[in-house]
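Visitor: Model the placement of chain S on the given structure of chain Y, informed by the hints.
So the protein sequences, as listed, match chains Y and S. Heads up: the first sequence at position 85 corresponds to 85 in this note's numbering, and the numbers run straight through without jumps. Heads up: the second sequence at position 136 corresponds to 136 in this note's numbering, and the numbers run straight through without jumps.
Derived from the structure by calculation, the hints contain no laboratory data. Values in this document were obtained by computation on a predicted structure and should not be read as measured data. There may be inaccurate statements among the hints.
Which residues of chain S face chain Y? A partial, calculated answer using Cβ under 10 Å [unchecked claim]:
| no. | residue |
| --- | --- |
| 1 | Glu63 |
| 2 | Ser92 |
| 3 | Phe219 |
| 4 | Ser257 |
| 5 | Thr260 |
Estimated spans, in silico, between C-beta atoms of each pair [said to hold, decoys possible]:
| no. | chain 1 | residue 1 | chain 2 | residue 2 | range |
| --- | --- | --- | --- | --- | --- |
| 6 | Y | Val86 | S | Val70 | 33 to 43 Å |
| 7 | S | Gly85 | Y | Ala75 | 56 to 66 Å |
| 8 | S | Thr185 | Y | Ala77 | 39 to 49 Å |
| 9 | S | Asp52 | Y | Ala77 | 55 to 65 Å |
| 10 | Y | Val86 | S | Glu281 | 29 to 39 Å |
Heads up, the beta-carbon is just placed ideally off N, CA and C, and yes, glycines get one too.
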Amino acid sequence: MISAYLDGELTRAEASELFTHFGSCGKCVAEMEGMQKVRTAIRSLPLIELPPGLLGDAEPVVVPLRRNRGFLVGAAAAGVAVVIAVATLLTPTPSALSVDDLNSRFGARVSLDPAFGPAKVVVPDVRDMTE
Amino acid sequence: MRRTLALAAAFTILPATAAAGADLGDLLDRSREASYSAEQVINCSTPDGVRDAVVSLEQIGGELLVSGEVEVSSGAGGWALVRDGALVDSASVEAGSSDADLTYRVDDGAAHPFLDREAGLYRLYAGDVLRGELIVDSETGALLSVVTYNSDGDVYCERRFIEFDPTPPEASAGTLAATETLESTGGSALPERLGTFERLDLYEDDEGFVFAYYSDGFFSFAVFQTPTVVELTDPGALRLEARVYARSFAPGQVTYSWETRDGGLALVGDLPPDMHPEVLEGLAQPYAPGILGRIWKNLFG
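So here's chain Y without its partners, still in its complex pose:
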């Protein structure tokens, strides 16, 4: 509301209400004074002329706000896509079979093999055994 007052955007009634509030709010008064000082300092800066030829003959282009908004939406969508892609890459897909499953099925079928017995003894590698 202070900013609006400084910009001259308040009605008379609103300004009166604001000053009534200032009577009981020293912090608000200090804030208004601080903002005024900043504005005064900015306005006191010298104006600098742009060097000739900096802009050339280019016609000023007015970029509609809608286009900027589209760019931001596109960038956000691209960011989300990157996050999904990384997550997809890093997330391991569930394995339908484990090494134990391979061993058990192979072992079951081997027990029907004519050579089944001491020649086909398989000791599962304990490193591969998962709980």
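Guide: Only chain S this time, still in chain Y's reference frame:
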């Protein structure tokens, strides 16, 4: 009368001839029927280093109990792994076809005492290449020692009894847990032959994998076609030109696993390393998609 005597003599001699007559099928059949307890040393020299183990065996009624760091019961299409008294994994399958054609010639049967017992030494040849040596107990038919060779003559795996008791174990060798039985089916993208190996059985599971069993009459392996890649723990690698296969050796067994365009393939078997390339080349090749391909595959399969 003379003719009758001759026939009787022939029938008397025939079984003995068959037993010592270098027929691999007969040797293996006898071994399956044997009952005994034993301690076995397994020592395999693999391209990725030595893999060895010492296990206790009990075989009775065609069922085999292997005890070591874990217990494995197997027989008649069943398999169960027990650790610390708890069932870790089990499976059951039915055979759907006859045995593989024997591709091996068996020589000798010469006397070869082993563990102070009468035994015979039989050599297995594929053509002129020595692939195995079996030492068979004369009394029980048990395989006391099995040595398998690479084609260059180097030993691949040696399985040797260091203790042997022909007394049949008192109880059943093991307890095979009841589990759902996979039945053999027909038709698959998996080849009917891989090198000298013949596809004997094919199984399809509700979980979405296909499993085929191959044999050349002595060595055997299974190929699994899975929706995703089976991860091996601390694997080595086999490179065949630009193709890379992850593999892991255990005592007496090798496991391969690799990604394909349709999911994953895995191979588990006891075949010597020099046979691996020919078998692997008959299967779908490893597929290594780029980053975009992997995203696409992960998202849409």
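Visitor: What are the numbers of the hints the structure violates, in ascending order?
Guide: Checked against the structure, the only hint that fails is number 5, while the rest are satisfied.
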